Amino acid sequence: MAVLVIAEHDNQVLKTSTLNTITAAQKINNEVHLIILGKDIQTLSDTSKSIHLLSKVLKCDNEKLENFLPEILAPIIAKTALSYSHVIAPASTFGKNLLPRISALLDTTQVSDIIGIENENTFIRPIYAGNAISHVQTNQEINLLTIRPSSFEKCENSGGEATLEEIPFIDSEAKTHFVSKEVSKSDRPELGSARIVVSGGRGLENSDNFKLLYDLADKLNAAVGASRAAVDSGYIGNEYQVGQTGKMVAPELYIAVGISGAIQHLAGMKESKVIVAINKDLEAPIFNVADYGLSSDLFQAIPEIIKELDLLNQIDS
Amino acid sequence: MKLVYFIEIQMKVLVAVKRVVDYKVQIRVKSDNSGVETQNVKMSVNPPDENAIEEAVKLKEQGIATETIAISIGEEKCQDVLRTSMAMGIDRSILVKSQNSLEPLAVAKTLKKIIEKEKPDLVLMGKQAIDDDSNQTGQILSALLNWPQGCFISSLKIEDKKVFISREVDEGIEKLETSLPAVLTCDLRLNTPRFASLPNIMKAKKKPLEAIEIETLDIDIEPKIKTLKVIDPPTRKAGVMVKDVKELVQKLKNEAKVI
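First to last, the sequence lines map onto chains A and B. Quick note on my numbering: the first sequence kicks off at 1 and runs consecutively. Quick note on my numbering: the second sequence kicks off at 1001 and runs consecutively.
Any given hint could be a false lead.
[Claimed, not checked] Listed next, the in silico DSS-like pairs over lysine-lysine satisfying Cα-Cα at most 30 Å (straight line):
(1) Lys175(A) x Lys1157(B)
(2) Lys1175(B) x Lys185(A)
(3) Lys1112(B) x Lys1175(B)
(4) Lys1112(B) x Lys1157(B)
(5) Lys1097(B) x Lys1206(B)
(6) Lys1162(B) x Lys181(A)
(7) Lys175(A) x Lys1058(B)
(8) Lys49(A) x Lys79(A)
(9) Lys1253(B) x Lys1237(B)
(10) Lys49(A) x Lys39(A)
(11) Lys1243(B) x Lys219(A)
(12) Lys1253(B) x Lys307(A)
(13) Lys79(A) x Lys1226(B)
(14) Lys1157(B) x Lys185(A)
(15) Lys1251(B) x Lys1097(B)
(16) Lys1246(B) x Lys211(A)
(17) Lys1229(B) x Lys273(A)
(18) Lys79(A) x Lys1113(B)
(19) Lys219(A) x Lys1251(B)
(20) Lys280(A) x Lys1012(B)
(21) Lys56(A) x Lys39(A)
(22) Lys273(A) x Lys1243(B)
(23) Lys79(A) x Lys1175(B)
(24) Lys273(A) x Lys211(A)
(25) Lys1206(B) x Lys1012(B)
(26) Lys1077(B) x Lys1109(B)
(27) Lys273(A) x Lys1024(B)
(28) Lys56(A) x Lys79(A)
(29) Lys27(A) x Lys1224(B)
(30) Lys307(A) x Lys1257(B)
(31) Lys1058(B) x Lys181(A)
(32) Lys1175(B) x Lys211(A)
(33) Lys211(A) x Lys1257(B)
(34) Lys154(A) x Lys1257(B)
[Claimed, not checked] Listed next, the stretches of chain B that the computed footprint assigns to chain A, with coverage defined by at least 3 CB atoms under 8 Å from CB atoms of chain A:
(35) 1022-1033
(36) 1150-1159
(37) 1163-1174
(38) 1244-1258
Source of the hints: derived by calculation from the structure; they are not laboratory data. As the structure is a prediction and not an experimental result, all values here were calculated from the model. Glycine residues also receive a C-beta, built at the ideal position from the N, C-alpha and C atoms.
Work out the full structure: start from the sequences and follow the hints.
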């Protein structure tokens, strides 16, 4: 039986996490279908047909689906799920919010936050903030999985020729109403999929000082992240938090600035290819996972790095 | 003559609390790779569950909630997290005794049984447990009860049975309005959990704690997922310390080739 991937999107474009999830689905079965639920998603559904290796796009278009309330989405997906062996969603706040509801409706146990797929019923997932790795086996009629997007490459967005099928909307009497969404607007790359992430911690001391990090991030075309301490202190919004209870990232380069490196933070970034730690405290645990450590005052080091990068750019051009 | 009836409005809050390895403990994988060592290790209330307890106690202090109940599922020792909850201000507790660790689906089914009996208006719990990091129970429970779901909340306001919440989502903050009864899961920034004072710890010892055997609830708690092995994560090779910014930038460009 085919594998069903639940699309994460904003009614206009797919989130990168959807492309990571399709790659994961491919490791289970060659036949992968994508279900898109939303409002006015004709264009989105049409463009999704060309995703590489996708055989079918299922579309459910209704104004009540605009804000992705799980109470409304879950019954529709649960009904569709009956003809699939696996249903997969990204372990983003979207997927985490939605998939367990489907698991309740189907009376199956979900496997959360998968980082590796051994075969169609054996999966690898971190537990205890990634301080232990669990290999689990599930053999239920329908297997529900969330996958960690940063652990799977994104699939190609072109070259495919999927068919498009409309599925009926099922109205649920939802008592929850969407009020608003405060989305931080930024021209920087998305934190979850950026090639470079520049992250700040308590060492930044206040929100004004985060401007230093923004400057460095812009120089490197990087996304900005933060430790829980920095978010709790109000230096920056919750959407920037990297760690066990925030976002999981695995960029090519992660620069941790003024972050001590609590295990909860390391859980969210230690899969990065190259880690740089800048901290004046030589004892900071972040140095234990860093490829390059610089024991220095960040307020001096960051402007110096920006200057060095400018010099490099001049030489290159 | 016009009669005025004073009806006491009841508002019961149930808080689900999990006993987990303390967040400061560096955990160890068992030598037979069957799991993580939990014997002789400091155990505590799951951190986001503390936020749920704090919120319930605050609702009672504000006169919105009339009764607060904590529930935990697990071995006899889970009594300690219930005592902690009551020391923080929860009125009474229920321990559902189970020798086996339960999957989120079984936990949610157990909670549903208790909820059918206790009939709370609001159920609060942490958004995830820091041991298995599943992040499922609240969502499953809300679906089983067919109640509104509010996950990862960082603010809560209740007015005339209307519930206003802010949720921490990947893009920022989402605001929803819903109604009671509801299931809400708490994020770490919802509040700052209080410390239990010594007099309150003493008082908590006298608060009621009811124990129920899970077998009496007649639910399917059979695990559906088999753990094949639990292993240590790959360790990162120790890196180098650079002497200055110049060396750092050179290494990133020429050695790591990432900039």
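Quiz item: Given the hint that Lys1058(B) pairs with Lys181(A), does the C-alpha gap stay at or below 30 Å?
Solution: 26 Å, holds
Exercise. Below or equal to 30 Å on CA atoms is what counts here, so check Lys1097(B) against Lys1206(B).
Key: Satisfied, since the Cα-Cα distance of roughly 20 Å is no more than 30 Å.
Practice problem: Could you grab the alpha-carbon distance between Lys273(A) and Lys211(A) and see if it respects the 30 Å cut-off? | Solution: Distance of about 25 Å is within 30 Å: holds.
Exercise. Quickly compare the C-alpha distance for Lys154(A) and Lys1257(B) to 30 Å and report which way the hint goes.
Key: Holds. Lys154(A) to Lys1257(B) sits at ~22 Å (cutoff 30 Å).
Quiz item: Is the straight-line distance between the alpha-carbon of Lys273(A) and that of Lys1243(B) 30 Å or less?
Solution: 22 Å, holds
Practice problem: Quickly compare the C-alpha distance for Lys1206(B) and Lys1012(B) to 30 Å and report which way the hint goes. | Solution: Given pair Lys1206(B), Lys1012(B) holds - Cα atoms ~20 Å apart, limit 30 Å.
Quiz item: Are 3 or more residues of the segment 1150-1159 of chain B near chain A, judged by a Cβ distance of less than 8 Å?
Solution: holds (count 4)
Quiz item: Is the straight-line distance between the alpha-carbon of Lys79(A) and that of Lys1226(B) 30 Å or less?
Solution: At roughly 26 Å apart (the allowed maximum being 30 Å), Lys1226(B) and Lys79(A) satisfy the hint.
Exercise. Take a quick look at whether Lys1112(B) and Lys1175(B) sit within 30 Å of each other, Cα to Cα.
Key: 26 Å, holds
Quiz item: Is the straight-line distance between the alpha-carbon of Lys1253(B) and that of Lys307(A) 30 Å or less?
Solution: Holds. Lys1253(B) to Lys307(A) sits at ~15 Å (cutoff 30 Å).
Quiz item: Between Lys280(A) and Lys1012(B), does the CA-CA distance stay at or below 30 Å?
Solution: 50 Å, violated
Quiz item: Is the Cα-Cα distance between Lys1175(B) and Lys211(A) 30 Å or less?
Solution: 28 Å, holds
Consistency note: the structure conflicts with the earlier hints numbered 15 and 20.
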